[in-house]
Every structure is written in C-alpha cells, then in structure tokens.
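Model the full assembly from the supplied sequences, consistent with the hints where possible.
Quick note, the sequences are listed as chains A and B, same order. Everything in the first sequence is counted per my numbering, starting at 29 for the first residue and increasing by one. Everything in the second sequence is counted per my numbering, starting at 20 for the first residue and increasing by one.
Worth double-checking, as some hints may not be accurate.
Sample of chain B residues facing chain A (criterion: CB under 7 Å; computed from the structure) [stated by the list, open to error]: (1) Leu82; (2) Leu83; (3) Arg115; (4) Ala158; (5) Gly181.
Anything over 12 Å on all C-beta distances counts as not near chain A; from chain B, calculated [what the hints assert, rightly or not]: (6) Glu30; (7) Phe53; (8) Gly87; (9) Leu121; (10) Gly168; (11) Pro197; (12) Leu225; (13) Asp289; (14) Val321; (15) Pro322.
Simulated from the structure, these hints should not be mistaken for lab results. Remember, predicted model here, so these are calculated numbers, not experimental data. Every residue gets a Cβ at the ideal spot worked out from N, C-alpha and C, and that includes glycine.
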Amino acid sequence: MNGAETGIRRPGRGDRPEIEVRRRRANAWFAFWTAGRMQFRLGLRHSMTYAAGVLNSLMFLSILVLSRREPLDPGSTTAILTGTALAAFWASSVWGGVAILRRERWMGVFGRSITGVQDPLVLLTGKLLGASVLNLAVVVASLAVGCLIFGLRPAFGSPLGALLGFATVVLSGAAASLLVGALLVVSRHGVAISNAIGVPISLLGGTLLPLTFLPEPVTWLSRLISLSWLQDFLHTATAGPIDWTPLGCALALSLAYAAIGVFVFRRMVDRARRDATLDLF
Amino acid sequence: MSNVATSPAIELCGLTRIFAAGSDVVRALDDVTFSVAPGECVALLGVNGAGKTTLTKVLSTLLLPTSGKARIAGFDVVEQPREVRARLAAVFGGERGLYSMLTARENLEYFGMLAGVGRRDLRLRVPELLAEVGLDDAADRRVEGYSKGMKQRLHIAAGLVGDPEVLLLDEPTVGLDPTEADRLRGKIAQLVDGGMTVLLTSHYLLDVERLAARVLLIDHGRLTHDMSLRAFAAVAGYEAAVIVSVGEGAADVVVRRAREVGGIVVAKIDGTDGDGNDHVTLLVERWQPELLVVLGQALTAVPVLDIQVRAAGLEEAFAVLTKGQSV
Ligand SMILES: Nc1ncnc2c1ncn2[C@@H]1O[C@H](COP(=O)(O)OP(=O)(O)O)[C@@H](O)[C@H]1O
Ligand SMILES: [Mg+2]
Numbered sequence: 029m030n031g032a033e034t035g036i037r038r039p040g041r042g043d044r045p046e047i048e049v050r051r052r053r054a055n056a057w058f059a060f061w062t063a064g065r066m067q068f069r070l071g072l073r074h075s076m077t078y079a080a081g082v083l084n085s086l087m088f089l090s091i092l093v094l095s096r097r098e099p100l101d102p103g104s105t106t107a108i109l110t111g112t113a114l115a116a117f118w119a120s121s122v123w124g125g126v127a128i129l130r131r132e133r134w135m136g137v138f139g140r141s142i143t144g145v146q147d148p149l150v151l152l153t154g155k156l157l158g159a160s161v162l163n164l165a166v167v168v169a170s171l172a173v174g175c176l177i178f179g180l181r182p183a184f185g186s187p188l189g190a191l192l193g194f195a196t197v198v199l200s201g202a203a204a205s206l207l208v209g210a211l212l213v214v215s216r217h218g219v220a221i222s223n224a225i226g227v228p229i230s231l232l233g234g235t236l237l238p239l240t241f242l243p244e245p246v247t248w249l250s251r252l253i254s255l256s257w258l259q260d261f262l263h264t265a266t267a268g269p270i271d272w273t274p275l276g277c278a279l280a281l282s283l284a285y286a287a288i289g290v291f292v293f294r295r296m297v298d299r300a301r302r303d304a305t306l307d308l309f
Numbered sequence: 020m021s022n023v024a025t026s027p028a029i030e031l032c033g034l035t036r037i038f039a040a041g042s043d044v045v046r047a048l049d050d051v052t053f054s055v056a057p058g059e060c061v062a063l064l065g066v067n068g069a070g071k072t073t074l075t076k077v078l079s080t081l082l083l084p085t086s087g088k089a090r091i092a093g094f095d096v097v098e099q100p101r102e103v104r105a106r107l108a109a110v111f112g113g114e115r116g117l118y119s120m121l122t123a124r125e126n127l128e129y130f131g132m133l134a135g136v137g138r139r140d141l142r143l144r145v146p147e148l149l150a151e152v153g154l155d156d157a158a159d160r161r162v163e164g165y166s167k168g169m170k171q172r173l174h175i176a177a178g179l180v181g182d183p184e185v186l187l188l189d190e191p192t193v194g195l196d197p198t199e200a201d202r203l204r205g206k207i208a209q210l211v212d213g214g215m216t217v218l219l220t221s222h223y224l225l226d227v228e229r230l231a232a233r234v235l236l237i238d239h240g241r242l243t244h245d246m247s248l249r250a251f252a253a254v255a256g257y258e259a260a261v262i263v264s265v266g267e268g269a270a271d272v273v274v275r276r277a278r279e280v281g282g283i284v285v286a287k288i289d290g291t292d293g294d295g296n297d298h299v300t301l302l303v304e305r306w307q308p309e310l311l312v313v314l315g316q317a318l319t320a321v322p323v324l325d326i327q328v329r330a331a332g333l334e335e336a337f338a339v340l341t342k343g344q345s346v
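Have a look at this one:
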C-alpha cells in the first residue's frame, strides 16, 4: 500500500482546467525501508565502513589468536570469533548514529528529513538499522576471511541461539547509536563529548579489553551496556547450555536506549525548529 | 476539504521571527502580513539579510515563528505541520541539501519518499522529472561530480517530485549561467500556468520580471511594499536610467553635481568595481536629449569614463525602494 492518496482539487486559474493533485501521506514501512536501503547504499560507498569493519575485526582476531600458544579447540574458537564480531560491530555501530546525523547536518539534508511528510524518527531508525546490518555483514565477512587465514573452525552449540543473539546485536547496536547520536547532535560540545566518552564506553562494553580485565568497582557499570549481556548470551549460546536471561537483559536495555533516544531526538528537533540551533540549511 | 478551495494558498498574519545570538537580537521577520491566492506567482524581494530565507523556512515548517500566524492552504504551520508539509515544497538550492554520494536518481527517489510519493508513482515520476530538468543523461552519476547548475536543477526536481500545491523558491537561479537560468524561468512559468502557487525569492530582477505578477518588498524583516509588477516597475515614475562611470572615489562629486540638476534623482551608487571605477545610477523623470548636455555641463572637470542611458526598469525601482542599498 502506498498510502491512501486522496485526489483533491487545486483551484484552476481563469479559464485553465483544474488540475488533479494527490494528497500525500506518511507511509511508515515504505519510509523505513527506503531510508534503510539508502543508508546501506551510502555505507557501501563510504570507505569508513571498510576501514572500521575490516581493520577492527581482523586486528581483534589476530591479537586473540596470535597470543595463544596451544591450538584452539572449536569451543574457544567460537568464543573468540563471537567476541571479536561483537567488539568490532559495536565499535562501528555505536558511533554510526553520530556519524549519520552529523553528516546529514553537514550536508544540509537533515532539514529535509524533518520537514518531509514522513516521521523523521522512522527515517532515522531505518538508516541506523541499514547501517547496522551493513556493519555486521562487513565484520562477519572479514572474520570469515580471518578464519581462512588462521585456519580456524568454529562450532555453534545452538545455531538458533547464535542467530537470535546476532539479531539482537543488530537491534541493540541501532538503539545505542540512536541514543548516542541524538545526545551528541543535540549538544554544542558533541565532538568533545564523543572524544571524551569514546574510550570509557568501549572499555565498559568489552570492546577494547575482555570485561574480566575491568576492576571490580566498575563492573556493575558495564552492566548498563547491552553489549556485555550480549557477550554473555552468545557465550552460552555457543558453548551451551543456553541461558536466556542475558538476552532478556540486553533486550530490556536496548529498549531503554531506544526510548531515551526517541525522547532526546524529538526534543532535539523541537529545539532546532525553535532556537535554530542546527544550522539546517 | 472545503478548507483548501476557499483559503489563500499562503497567509501570514503578524509573523515575527526573532533570532537571539548571544546578546544580539535580530528581528529577521517583523510583523509580516500578506496573503497569496491559489495559482498566484509572487516575488519576494529584499537585500541580503532582509529576511527572505527566514520567511521561506518558517513557511516550510523548518523554523517556528516567534509570534504571529502563518497558514498554507488554510493549515497553520505551527499547529498542523503535517498538513502543511503534504502541500508545500521549499527549494533552497545551493551546494548543500543533496546526498553527494548518491546519484540524482537515488536522491530523487529518496526525496520523493520524503514528500510522501508512493513507490509506484515514484517509478513514473522520477524519470519524467529527470528528463524535464535535463538531467536524464547524468541521472546515474553521483551528485558530487555535478556542476552548480546541475545541482540547482536537481534541487528544483526534488521540490517538484511531490507535485506540491505551493512551491517556495529561494533564489532559484543563483549560480546558473544565463541559458540555464532562462530555461529554469521557462519551467517555473509553465508550473505557474499549470496553477501552482509560487513564492519566489530572488536577487535577480529578471526572474521577477519574467515570472511574477506581484512583488513584495521586505526590508529588515518588515514588509515595506506589496504591489503589482507594473506598479513596481513604475514605482518612481522614472523614464530612464543614466549610469555614470567615473574613476575611483569620484562618485561623491557626481552625486553632488547631479543633485543640482533638476528632474534627476540619485538611485544607486555601486562601490569600486574590479577596474577601480565607481558607477552612479541616476534616474530621470522625463527623458530628453538636452538633459545629457545639462548633465555634461554639470560634470565638467569630473573624470567621467562612460555614460550609459537606458529605459528605467525593475533594477532601478528596487534601488529606489530600498533607498540606495545595493542589491
Ligand atoms: N540561525 C540564525 N541565527 C541568528 N541569526 C540569523 C539566523 N538565520 C538568519 N539570521 C539573521 O536574520 C536576518 C535575515 O536573514 P535571512 O532570512 O537569511 O535573509 P535573506 O535571505 O533575505 O538574505 C539576517 O540578519 C541574518 O543574519
Ligand atoms: Mg537568503
């Protein structure tokens, strides 16, 4: 369905015939799909997609594999691979939201998104998911190449669990990037803040070092980051027996990110229209 | 909705927009009131910083007004932005506002979706529009490689993709070469003939002369004049414009001497140009060749380089109405 298009009449001028025009309507699915596909396409054409996705994943993988002396059993291989995939994906996705919003602002297309017929949040969600899917695909492809290089053979205890886990990773990555993106684009000091919190967030999410390296007093903080739960879940899904609790926690946290992100984004748009805070054009 | 048939296409009532930048307060729009009937093409003229773009932004729901009302086809831009967005398109033009990594076709498909055009209609509309603005050959090239003029044409196509009832054009011919600008004017004239309501902002009086039937003049955010094109052209009742070019710094002398001659008004002084010359535009109430003699006498000993005479037009009317600020 392309939205209900009601023909309305435009008054003609003088003896000119009236001209039929269509009343245009929002169509959330079409908007979501088109925005997602567009961002996916843009991502394919951006060198950053490959720089971050390929380099990060291969770097993480080689650090983990090369630091081991003894040959890897399939269980630890899988653990290493999922851990690496998550770390590399998270690194590219969380900042993806900031990058997308900033780029749209900079190119002067953000104004179009908020003055169109479609809901700007639907558009943004589509774009974030489009970017997330692409990022994950790049990471997984690089890791597959990594497996060939290092001669690794992963085994999945619960393929369904792993699949669900990765689907949640994509959703969670999009939610986190919505939150981070909306927060940072609102702020005048966005660039400074993202530089300042970049490393702590990566540490807490377990994307720089395994979480076991974190000092005791801050481990609870890492529990506020959905990635740490997803690491746990994927660990149980690959090594078995599968434990659904971490997946639930990750989903709940992702929902919270998305809810706060939506709130902040709407406020940001309202403020931009009121105070002209974003130089929109 | 009966609303649509009976309401003005554009209606402003006491519209005010204030920008506060630090301690500076700019009244970019100050109590602006006017209305535009469906199918009208109205030109909005004003010097740089007069508030034209701000007005376009408020009407397109990009900026909220500080106070006052604005309606598009009877729908309030603050209370009913969705209804407004479904009927209006704004073209800001320029280098920005396009996805440079996408092709023209991809840009148009995306902007068409934004405007609420369905998938099936887009499939027909996009190729048709690309051909209309002469981008069909370049349709599948990335926009980053486009010339200014091509980008401008894509902007126009993006504005038209949703077949809006009301089209706001903010300086549509900026950056276009004369042929392209002319072609664009032809396109806009066609839209106006087709019944589209157009509010055209421009620096170029040629655009106005060709397209608009009515002229609004805005100065420091205030609407100062609202008149027909004919009234605008004849605003001061001058028949001819005499442009006197002199060496650098001699403009003051010309102005002083010219004021001593009856029936002449100083309309405009253009600062030193690239050649280091000043140009003074004088308006003549009733043209007769003897005036040149009188003027020649008045200008003895002034280093006059050139004198041109032509029929007074919009340019001069604009200069008179904006009291000598350069266009
Ligand atoms: N975002 C903004 N913040 C502060 N001042 C602004 C902003 N946008 C425009 N202005 C000011 O408002 C006035 C009108 O600007 P504008 O509408 O762009 O004029 P025009 O399009 O007629 O050249 C100018 O003085 C400009 O400096
Ligand atoms: Mg402007």
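Status of each hint after checking the structure:
1. Among the interface hints, the one on B/Leu82 holds; its C-beta lies about 6 Å from the nearest C-beta in chain A, closer than the 7 Å criterion.
2. The criterion of a C-beta within 7 Å of any C-beta in chain A is met by B/Leu83, whose closest approach is roughly 5 Å, and the hint holds.
3. At its closest, the beta carbon of B/Arg115 sits 3 Å from a beta carbon of chain A; the interface hint therefore holds under the 7 Å criterion.
4. This hint is violated: B/Ala158 has a C-beta 15 Å from the nearest C-beta of chain A, more than the 7 Å allowed.
5. A hinted interface residue such as B/Gly181 counts as satisfied when its beta carbon comes closer than 7 Å to some beta carbon of chain A; here the least separation is about 6 Å, so the hint holds.
6. Annotated as non-interface, B/Glu30 keeps its C-beta farther than 12 Å from every C-beta of chain A; the closest such distance is 15 Å.
7. Separation of B/Phe53 from chain A is adequate, the least Cβ-Cβ distance of about 19 Å exceeding the 12 Å criterion.
8. A cut-off of 12 Å between C-beta atoms confirms that B/Gly87 is not in contact with chain A; the least separation is 15 Å.
9. The non-interface label for B/Leu121 is inconsistent with chain A: the shortest C-beta to C-beta separation is roughly 7 Å, within 12 Å.
10. At the 12 Å boundary, the C-beta of B/Gly168 stays outside the reach of chain A, the nearest C-beta of that chain being 18 Å off.
11. No beta-carbon of chain A comes within 12 Å of the beta-carbon of B/Pro197; the shortest separation is about 26 Å.
12. Non-interface call for B/Leu225 relative to chain A: holds, since the shortest CB-CB distance, roughly 23 Å, exceeds 12 Å.
13. Distance check on B/Asp289: its Cβ is at least 29 Å (rounded) from any Cβ of chain A, clearing the 12 Å threshold; non-interface status holds.
14. With a minimum CB-CB distance of about 46 Å to chain A, B/Val321 clears the 12 Å threshold, and the non-interface call stands.
15. Listed as outside the interface, B/Pro322 is consistent with that label: its C-beta sits roughly 45 Å from the nearest C-beta of chain A, beyond the 12 Å cut-off.
Consistency note: the structure conflicts with the earlier hints numbered 4 and 9.
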